[in-house]
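Participant: All chains, please: the whole structure from these sequences, using the hints.
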Amino acid sequence: MSWTEDQPMVSIKDVYKSFDKLEVLKGVSFDVMKGEVICIIGPSGSGKSTLIRCINALNPINSGSIKVEGQEVNDPHLDKLELRKKVGMVFQQYNLFPHKTALQNIMMAPMQVLKQDKDEVEQRAHGLMRKVRLEGKEHSYPGELSGGQQQRVAIARSLAMNPDVMLFDEVTAALDPETVKEVLVTIKELAEDGMTCMLVTHEMGFAREVADHIYFTDRGVIVEHGEPATFFDQAKDERTKEFLGQIL
Amino acid sequence: MVELVRQRNAIPGLSAPTTSDLAVLKPFQLASSNDKLNQIAFCEWLGNRSPSHMVLFLLLFVLVSFPALAAGGYGIEKAMDALFRWMPFLLSKGFLFNVLISVLVMLIGTAVGALVGLGQISLFKPLRIFCWSITQFFRNSPWLVLLFIVMLAFPFEINIGGLTIPVPDWMKAVIGLSLPIMANIAEIVRGAVQSVPTGQWEAAESLAFSRTKTLWQIILPQCFKRMIPPWMNWYAILTMATPLVSILGVEDILRLSRDAMEAEGNNPALLMPFYSFILILFFIYCYPIAKWTQRLERKFNVKT
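Chains as they are written, first to last, in our numbering: chain A, 1 to 248; chain B, 1001 to 1304.
A few of these clues could be false.
The calculated lysine-lysine pairs, modelled on BS3-like cross-linking and capped at a C-alpha distance of 25 angstroms, are [said to hold, decoys possible]:
1) A:100 x B:1225
2) B:1225 x B:1291
3) A:86 x B:1213
4) B:1125 x B:1213
Keep in mind that the hints were calculated from the coordinates and are not lab data. None of the values given here were measured: they were computed from a predicted structure.
Facilitator: Structure below.
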């Protein structure tokens, strides 16, 4: 594997994906460099979530190529577990393990999958709880935490695997408006630390603030993309304008 | 010619005049369709009674029937006397054996059923289909028929190398009852695993958990609690079905009671006390299990 840091961390080329007869992605291509933060926006059903789920092989693609650090994802011999150690993912519904405490949720994967030392993992987990500002909640069960707190535990759980790229799939869509901010602050700090992030989001203000690049998808294709300032203020395509007009 | 054939196929007494003056037993027929309706209505009514009603009903039944029997020459006192004499034997040799059978069946049924249930969610299609088929087959078979088949088809001893292991009837009965229990436990396991939201699988997958690790460390611990109430329910059903084995000659409580009554001279006055005793024993054993199951069910429902 001759991947170097000056090459794209995630390289998506001409990706097609369909569920039975429904075509969801119809030729999507773009690159994400190390340390870059990109936001994918677009109307619901435009294939945003599907695209992001294809990157860590939760959904297989029909044709095209997705490379993560030079490793081809669209390969029947792909070692999915190796890929997923490099790619962290946070879901809309948090999906914390309800039978484990916040701290155990964070510690589980490094201990069971990476077979790391328990004391070392525990120390790191405490650090991550501090990082997502949840000190004192280490021994709470997911059911005892608010949506925003659960989502921050979920972010910490992904970070515990030391991923190279983080995928966020509409992580604030299920939250109360007042808890959205605390999650966004966490992601923003992560981005400032230099983590490569790919976000699917409906938070336009946030996208404008943190993203290096915005991609607008509609009906399975990327309609328009650009840096936040140009994208939001000087959208050229009619569909983008219409979408932004409805949202902003 | 045709007339001759018809006459030859005719059944004397039914479709042809009687050819003998001996009594002929005609097929059983209900007096009228109205009676049939009444019978079903009674069963429905009985099925809808609460347990406390059932106890009252049982007591009433026993109370009403005893004086009726006492009118005969063999008194109720004598019958009760006989029952009390036999009670320790029936309890220790009979009922405890039923309990032992139920425990063994449950152990085997749970162990094999859990494997078959997990087989149904395997990614390997032939295994999945195989496990699904045997589950459906044994879930939808009458228990008594399964018992008969195992009883007749199973050898009475097994030869392994030079070693001969005898297989007594009661062990065959355990195997026979294990089959439907296995199938129902398999359904419980499959249902519980599939009741866990797919998000849990996805979260574990995206943390690089393998499928086996996901199942054992994330999915099964979550649905274990959910499996307990239906599992206990099946244990109660199984326990109540154990007297079936008496038909096959296994010396369970029902069989021993009949032996006891035989030894007491087979007087009809013995029937009610002895059979009521069996009913009450099973009720005392199974009713707390049913209540406990309900409590656990409520508790787990509230928590999740």
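Participant: Going through the earlier hints one by one, which of them does the structure break, listed in rising order?
Facilitator: none
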